[in-house]
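Assembly of the complex is requested from the two constituent chains, each provided in isolation within its own frame, with the hints serving as guidance.
Chains as they are written, first to last, in our numbering: chain W, 1 to 427; chain A, 1 to 172.
Be aware that one or more of the hints could be misleading.
FRET-style restraints, in silico, Cβ to Cβ [stated by the list, open to error]:
1) A:P39 to W:I425: 20 to 28 Å
2) W:I425 to A:A42: 20 to 28 Å
3) W:E209 to A:V2: 53 to 61 Å
Here are the simulated DMTMM-like pairs of lysine to aspartate or glutamate, each with C-alpha atoms no more than 20 Å apart in a straight line [stated by the list, open to error]:
4) W:K32 to A:D112
5) W:K212 to W:D81
6) W:K388 to W:E126
7) W:K235 to A:D49
8) W:K235 to A:E36
9) W:K129 to W:D81
10) W:K206 to W:D81
11) W:K129 to W:D193
12) W:K388 to W:D134
For the record, the hints were derived by calculation from the structure and aren't laboratory data.
If you're wondering where the values come from, they're calculated on a predicted model, not measured in any experiment.
Backbone N, C-alpha and C define an ideal beta-carbon position, used for all residues, glycine too.
Listed below are the residues making up each chain.
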Amino acid sequence: MLVAIVAALALILLFLGFEMLLVLGIPGLLIKEIFFTPLPDIAIGQRIVGGVNHATLLAIPFFLFAAEIMARGHIARHLTDLVKAFLGHRPGGIAYSTIAGSAAFGSVSGSAPATVAALGRIMYPELVKAGYRDRFSLGLIVSSAESALLIPPSITLIIYGWLTGTSITGLFAGGLVIGIFLSVAFAAYVMFDSIMTGRTGLPAMKWRERFKVIGRAVWALGLPVIILGGIYTGKFTPTEAAAVSVLYAIVIECFVYREMSARDVFRIAGQAAITTSVIFILLAMGSLVSYFITLAQVPGMVIGFMEAIEANWIVFLVIVNVIFLIAGMFIDPNSALLVLVPAFYPVAMAFGIDPIHFGLIVCLNICIGMITPPFGLDIFVAASTLNKPVSLVISGLLPFVLINIATLMVVTYVPALSTFLPRLILG
Amino acid sequence: MVQPALRFLERLEFFLIATIMLLMVALYTGAIAVREFVPAQARNVAFVDEAARYLMVWMVFLALGLALTQGKQIAMSAFRDRFPPAIVLWLRRAIDLTGLAFAAYVAWIGLDITQMVAATGQRSPTLGISAAFLYAAMPIGFALLALRYGLSLFGLIDRWTQADETALAERG
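Isolated chain A, as found in the complex (with noise of 0.2 Å):
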C-alpha cells in the first residue's frame, strides 16, 4: 500500500517539476519572441517575468524530496562513511532524524508565514496573484522533504544506496 503510494506520489513531483521547466521556458522565448515581431504588444508579456519566477520558486521547493529519494541532496559524505558499519547505521538514522525535525519545522513556520501573508491581502506586482501563493511553496516543499527524511528513517525508502558520489555526476 505504502509504496505503490510513494511511487505515485514521486511520478507526481516528477510531471509536475519538469512541466514546470518547460513551462518556463515557452514562457521566456515566448516573450522574447512577442518584444521581438510585434513589439506593441509587448505591454502583453510583462507578466511572464514574474510568473516565470514564482515558477521557479515552486519547482525548487517541489523537487526536494524527490532530490532526497534519489541520493542528490548534496553531503560530504567521504568521512562519514569510513566508520564501522554499526556507526554509520546510527549516523545515518540521526541524519533522518535531524533532518525530520529541520524540515517539520521549517514546513510549520512556513505554513504560518503564508497564513500572515494571506491575512495581508498583499498582491503581486504584475500577476495580481495573493503573495501567498509564492509562500506556499515552502510549506508544501518542505513537507515532502519531511516526509522522506521520515521515510527514510523508518527504512521505507533507502536513499542511501544510490547517495554515494556518483549521484552527484550532473550538478553546475
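Same shape as in the complex, but just chain W (with noise of 0.2 Å):
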C-alpha cells in the first residue's frame, strides 16, 4: 500500500514538471525514511556518490565531450559530404545520405540529441532543396538520430552495461548490427516513396571529385577507427577509446580543420561537464531508487506475476515493450533505465534471455521513446535547432514510429539478430 502511494507521488512530481533529480530523490528518500529506517544515512551516501563513481561511467562525459565537439566542429560536415558524394545520384539520395550521414555520425558520437542537432543543420536545408516536405524531413531527421543510440559508441548502452554489468564490448557488436538493421528499414522507406513520387537524384559526381571529398572526410574516419578498431582488436577499453577520440577530436578540429580555437574548446568541455551532470545526478538519485527496488524484492513479486499469468518470454516481452514505450513517452530515457531495468534484468534472465539481447530490447525502445511525444527529447532538439513548430514535428514522425515498431518486433523475437556478432566476437 505504501509502496503504491509512494509510486503514486513520484508520478505526481513528475507531471506537474518537477526536476528529474526531485522525482527520482524525494521518493527514494521517502522509502528510506518508511521502511527502511534501521538502514544507516551513510547508505544513502554510497549509493548516490557511488551511483556515479564508476570506471565504466567515465566513457559518458569522454563521449559527451567528443560529441560536442564534433558536433560544433567540422567532422559531422566531412562525414555527411561523403556519404553524398557516393549516394547523392540515386533517386531519393538526399534523404539516403542523412539516414547515412545520421548513421556515420553515431559511430563517432553516442549521443542521439547531438546527432539530431549537427545532421540537421546540414541536412534540412538540402532535404527542402532537394523537394522533400517540411513534414518528411523533419521525420527523417529526428528519426535516422536514433542509429547514434544503437551504433557504438553509445551512452544508453554504457549506462544498461553498468547497471547489469553485461560487457560494453558485446553490447557494442549488437548494437552495430541493429543500428545498420533499422537504418535499412528506414532507407527501404525511403526507396518506397522514391518510387511512388518519382523523385530524381542529384547529378553523379566525378571520381575526381569524389576523391577530394574521401581526402577531406580521411581524418574524420580515423575516429570509428579508433574507436571501434580500438575497442576490438583489445587496445582499449570502451573508456580508454572514449578519452582518446576526444583527444583526437580535439586535434583534428583545431589543428587540421583550424577552425576552432583553444577557447572554443574550453567552453565545449564546460557545457559538456553541465550535460553530464545533467545525466549522471538521475545515475546517483537512480541508484538510490534501483537499491530499494532489489531490496524490496520488486524483481520476485515480477516474477511472481508472471508465473500466476503462466508467461512465457514471449508474452514477458511484450508487456516489457509495452511498459518501456510508455515510460519512453513520458520520462528521459536515462531515468527510464534506471528505473525498469533492475526490475526486469533479474527476471529477463528468469527467462534465459540473454542479457545483450535484452539490452538492445530496452535500447531499441529508448529510441523510440526519444520521438515519441509528448516527451520525446529528440522532438524539442529538431524544433528549437530548426527553428520549427513541435508540431510539425510530431506530425512528419508518424511513418518513421510504425516503422520503429516493427523493428522492435523483429528485434524481440528474431534474438540471433542481437547475439551472433557478439558471440562471434566475444567466442
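Spelled out as C-alpha cells, the structure:
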C-alpha cells in the first residue's frame, strides 16, 4: 500500500513538472525513512556517490565531450559530404544521405540529440532544396538520429551495461547490427517513397571530386577506426577509446581543420561537463531507487506475477515493450533505464533471455521513446535547432515510429539478430 | 551586490568543471601513452583510474547548481506550462521550495557522512588520500543546488525563461 503511495507521489511530481532529480530523489529518501529506518545514512551516501563513481561511466563524459566538439566543428560536415558523394545521385539520394550520415556520425558520437542537432543543421536545408516536404524532412532527421544510440559508441548501452554488468564490448557489437538494421529499414521506406513520387537524384559526382571529398573526410574517418578498432582489437577499453576520441577530435578540429580555438574547446568542455552532470545526477538518484527496488524484492514480485499469468518469454517481452514504450513517452531515457532495468532484468534472466538481446530491446525502446510525444527529447532538439514548431516535427514522425515498432518486433522475436555478432567476437 | 557575487560564483563553477573535464582527458590519454610507449613506467600511472573517477564525481556535483541556473536540469514541463499563469507561478514556487528543502537535506546528510568517513581514517586504495575527499563533493554540490533553488524561490535568478525545452538541446 505504502509502496503504491510513494509511486503515486513520484508520478504526481513528474506530471507537475518537478525536476527529474526530485522525482527520483524524494521518493527514494521517503522509502528509506519509512521502510528502512534502521539503514544508516551512510548507505544513502554510498548509493548517491557510488552511483557515479565507476570507471565504466567515465566513458560517458568523454563521449559527450567528443560529440559536442564534432557537432560544432567540421567532422559532421565532412562525414555527410562523404556519404552524399556516393549516394546523392540515386533517386532519393539526399534522404539516403541523411540516414547514412546519421549512422556515420553515430559511429563517432554516442548521443542522439547531438546527432539531431549536427545533421539537422546540415541536411535539413538540402532536403528542402531537393523538394522534400517539411514534415517528411523533419521526421527523417529525428528518426535517423536514433542510430547514434545503437551504433557504438552508445551512451544508453554504456548505462545498461553498468546497471547489469553486461559486457560493453558485447553490447556495442550487437548495437552495431541493430543500428544498421534500423537504418536499412528507414532506407527501404525512402526507396518506396522515391518510387511512388518518381524522385530523381543529384547529378552524379565525378571520381576526381569524390576523391577530394574522401581526402577531406579521411581525418574524420580516423575516429571510428580508433573507437571500434581500438575496442575490438583489445587495445583499448571503451573508456580509453572514449578519452582518445576526445583528444583526436580536439586535434583535428583545432590543428587540421583549424576552425576551433583553445577558448572554444574550454567552453565546450564546460558545457559537456554540465550535460554530464545533468545525466549523472539522475544516475546517482536512480541508483538510490534501484537499490530499494532490489531490497523490496520487486523483481521477485514481477516473477510471481508472470508465473500467475503463466507467461512465457514471448509474453514477458511484449509486456516489457509496452511498459518501456509508455515510460519512454513520458520520462527521459536514462530515468526509464534506472527505474525499469533493475526491476525487469532479473526476470529476463529467469526466462533465460540473453543479457545482450535484452539490452538491445531496451535500447530500441528508449530510441522510440526519444521520438514519441509528449516527451521525446529529440523532437524538441529538432524543433529548437531548426526553429520549427514542435507540432510540425511530430506530424512527420508517424511513419517512422511505425517502422520502428515493426523493427522492435523483429529484434524482440529474432534473438540471433542481436547476439550473433557479439558471440562471434566474444566467443 | 548579490548579482556580481552570483556571476562570480557561476564563472568559478564553470572554470572548475571545464578544467576538471580537460584534466580527466589529459590524465587518461597520458596514462595510455605511458602504457603504450614506456611500459616500464606503467606502474606509476596506476593512480589515474582512481584520480579520474574522483574528479568525475566532483565535476558532476559541482555542476548541479549551474545546470539549474541555466535551465538544464531535466523536467517534464509539457503539462506544467499549460496551466493558467497564476497556477504556473505557484507551481514554480512549490517546485523551488521542495527543491530547496530536498537539496538542503541531502547536503546536510552528506556533511554528516563526510565527517563520519573522515573519522574512520579510511584512505583511497591507490591515491592514498582520505575517502572523505570523495564524499565531500556531495554536501558541497547539493549546497550549491539548494542555493539556486532558494535564489529562484525569491526571484533573484530566473531559471524558467531559458528552461523551456530548447534548453534540452545538447543531451545524450
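We went through each hint and held it up to the structure:
Between A:P39 and W:I425 the Cβ separation comes to about 26 Å, which falls inside the hinted range of 20 to 28 Å. A beta carbon spacing of about 26 Å between W:I425 and A:A42 agrees with the range 20 to 28 Å that was offered as a hint. Taking the beta carbon of each, W:E209 and A:V2 are about 59 Å apart, inside 53 to 61 Å as hinted. The hinted pair formed by W:K32 and A:D112 meets the criterion: a straight-line CA distance of about 17 Å does not exceed 20 Å.
Straight-line distance between C-alpha atoms of W:K212 and W:D81 comes to about 10 Å, which keeps the hinted pair within the 20 Å bound. Proposed proximity of W:K388 and W:E126 is supported: the alpha carbons are some 16 Å apart, at most 20 Å. About 17 Å separates the Cα atoms of W:K235 and A:D49, which keeps this hinted pair within 20 Å; it holds. The straight-line distance between the Cα atoms of W:K235 and A:E36 is roughly 9 Å, inside the 20 Å bound, and the hint therefore holds.
Proximity of W:K129 to W:D81 is assessed by CA-CA distance (about 16 Å); at most 20 Å being required, the pair is judged to hold. For the given pair, W:K206 sits about 14 Å from W:D81 by alpha-carbon distance, which is consistent with the 20 Å threshold. The straight-line distance between the Cα atoms of W:K129 and W:D193 is roughly 17 Å, inside the 20 Å bound, and the hint therefore holds. A hinted pair counts as satisfied when its Cα atoms are at most 20 Å apart, and W:K388 with W:D134 qualifies at roughly 9 Å.
Going through the hint list in order, the structure satisfies each hint without exception.
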